[in-house]
Amino acid sequence: MAPELLPYQRIREDLFRPLSGISRNYAVATVIAFVVGIAGLMAWGYQLRRGMGVTGLQRPVFWGFYIVDFVFWIGISHAGTLISAILRLTSAAWRKPVTRAAEALTVFALMIGGMFPIIHLGRAWLFYWLIPYPNSRLLWPNFRSPLLWDLTAIVTYVIGSVIYLYLPLIPDMAQLAEHNTPWRRRLYRALSLGWTGSDREWHALERAMKLMACIILAVAVSVHTVVAWDFAMAVAPMWHSSIFGPYFVVGAIFSGIAALLIVMSALRKVLHLERYLTPYHFRNLSKLLLLMSLLWLYFTVAENLTVWYGNDPKEMAVFGARTRGPYAPYFWTMVVLNFVIPFILLGIRRLRAIRTATIAAVCVVVGMWLERFVIVVPTLANPRLPVSSSSYAPTWVEVSITAATFAAMMMLYMIFAKLFPIIAVWEFKPHPQEEN
Amino acid sequence: MYLIGEFREKESATDAIRELRAAGVAACNLDVFSDEPVELPRGVLDRPSRMSLISVLGAIAFGLAATAFVYWAQHDYKVVTGGMPLFSFWATGVITYEMTMLGAIVTTFVWFLWESGLARKRDCSAPVPKVDPGSICLRVRCGAEQAPQAAEVMRRTDAIHIERRGEV
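Chains as they are written, first to last, in our numbering: chain D, 21 to 456; chain L, 94 to 261.
For reference, chain D alone in the conformation it holds in the complex (with noise of 0.2 Å):
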């Protein structure tokens, strides 16, 4: 039976289960997720006391995995808020049991993302230097570097994206806050801030989601085009173009939707949501990502063609490290995870369903974390004095931190799916202004 045909009651029971109780597999993941964790704050702990020496960035490779994983997480980001906002907008009813698992996707990666510039920062007790406020030295922050904007687009979007998450969660916790556990009960009360279920409450929400679902998509495209010009205002080999900010946006888009089927097939498996987790919604993503690969190809090349035809020798040896070099075998893998696989998956129909959809978009957010290297990397390791070409090859450090931060997202949301409904169960009735 479809979820939307079974009694309220049931979808209530079904969807609150997962709250209660812990199971042997979730408690397993979660100790591996604390141990990498743990390791990886170690590793920070090891970097802060002996200083950036201990990875792998030397002249003039300063980027190196720090700002793959940044830019990375700040493309998974945008799996929630796009998504949910863009399907909201345009009232697709399939989004329903898709929304939140995006949403809290998006909250969670940010901030992993957000941590990045502070980690590379090196001295990391010194990261409130970015914030404009009233000091002795009688400095302020320039406003015209990129990484000030970075700062403030960032900050923009995990206040955003907080708001948007918790919007539609507060009528689920003021029934929540009905029936449970003590302290649960408190928390479940404090954050549904006395909910009613009037029609003053409900209307001022459905007219603050539609308004919050406007400016998040507005907030998201800049955010992506903001960490994108962090390359492209630099006059560097490959990264001063003008369809960065665009690529950067389609790649995070891709990339966000890759992570979201990753964990709803995860979801779906360990928290028994096959009812409503359906093939169908998995087959609606899939399309997705499919065209997500085909115009992530699209950008791809054109951003590769027009430097080779150009054949500007600074660019070319960047060109070259990417395509033939040293970097050749990401850069390879990178189009063989990104387009090659997805579309044969996803491409022919007989092939698609969940578990090929969950192989593609594994693929898709490897594939994309290689993208982000092999942008970063190469144009750094060939800058235009060739006199300076070096390599670049991380540090156990710079790989504890970077498998930590994917332990760090497996945590927030094992931890998010205790305390929180992962579908949004106000929202499964049929809305008001799809039945119209």
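Read the hints as simulated data drawn from the structure, not as lab findings.
One or more hints might be untrue.
To be verified - Stretches of chain D that chain L covers, calculated by requiring three or more beta carbons in the stretch to come under 8 Å of a beta carbon on chain L:
{"hint": "1", "segment": "102-109"}
{"hint": "2", "segment": "225-232"}
{"hint": "3", "segment": "302-315"}
What the hints assert, rightly or not - Quick list of simulated restraints, FRET-style, between CB atoms:
{"hint": "4", "chain 1": "L", "residue 1": "His168", "chain 2": "D", "residue 2": "Trp149", "range": "15 to 23 Å"}
{"hint": "5", "chain 1": "L", "residue 1": "Lys223", "chain 2": "D", "residue 2": "Met62", "range": "27 to 35 Å"}
{"hint": "6", "chain 1": "D", "residue 1": "His260", "chain 2": "L", "residue 2": "Leu157", "range": "29 to 37 Å"}
{"hint": "7", "chain 1": "L", "residue 1": "Arg140", "chain 2": "D", "residue 2": "Trp203", "range": "47 to 55 Å"}
{"hint": "8", "chain 1": "L", "residue 1": "His168", "chain 2": "D", "residue 2": "Phe54", "range": "25 to 33 Å"}
{"hint": "9", "chain 1": "L", "residue 1": "Leu146", "chain 2": "D", "residue 2": "Phe147", "range": "48 to 56 Å"}
Quick caveat: nothing in here was measured; it's all calculated off a predicted structure.
Glycine is no exception: its CB is placed at the ideal position from the N, C-alpha and C atoms.
Starting from the known structure of chain D, fit chain L onto it as the hints suggest.
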């Protein structure tokens, strides 16, 4: 005093509201409670909103404040710009844009809290009905002399349960 009528159908609740409004009950004295959004036909129980306007005003205010602050800060501590202007809209446009959006976000959220009544002092004497899944409760605030007529309207429009509570 308050009358609370419980309805199973949206149409019945709509009829009840229409008749009560025709009988002289003001919209501000009517509240509909449900565990899902109930969209009533236009003109039945409209709740005018200024959220969009407030959001735009908030965005403009934040954007202007941010631009003014950047302008002032750049002139307060002059960095060497090699003959370029100290302040340029092009170079600080991203800050202005993001702060404009932040203004829209913050004011939308604050206005949501205000308009929904979640951040306002509540009338503790007003009873909040417990809504069963799928049902709709209509709360009417009226004087003792109006109560029998209001109850009769609700009965006529298929209220399955009518309750009289509290004194105004």
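Hints and how they fare:
By the rule of at least three residues with a Cβ nearer than 8 Å to a Cβ of chain L, the coverage given for the segment 102-109 of chain D is violated, with 0 such residues. Counting residues of the segment 225-232 of chain D whose C-beta lies closer than 8 Å to any C-beta of chain L gives 6; at least three are required, and the coverage claim holds. Proximity of the segment 302-315 of chain D to chain L, defined as three or more residues with a beta carbon under 8 Å from a beta carbon of that chain, is not established by the 0 residues found. For L:His168 and D:Trp149, the Cβ-Cβ distance of about 20 Å falls inside the hinted range of 15 to 23 Å, so the restraint holds.
Take L:Lys223 and D:Met62: their Cβ atoms lie about 51 Å apart, and the range 27 to 35 Å is violated. At roughly 32 Å, the beta-carbon separation of D:His260 and L:Leu157 lies within the given 29 to 37 Å, and the hint holds. Checked against the hint of 47 to 55 Å, the pair L:Arg140 and D:Trp203 fails, with Cβ atoms roughly 35 Å apart. Against the hinted window of 25 to 33 Å, the Cβ-Cβ separation of L:His168 and D:Phe54 comes to about 50 Å, which falls outside the hint.
For L:Leu146 paired with D:Phe147, a C-beta distance near 37 Å fails the hint of 48 to 56 Å.
Consistency with the previously given hints fails for numbers 1, 3, 5, 7, 8 and 9, ordered from lowest to highest.
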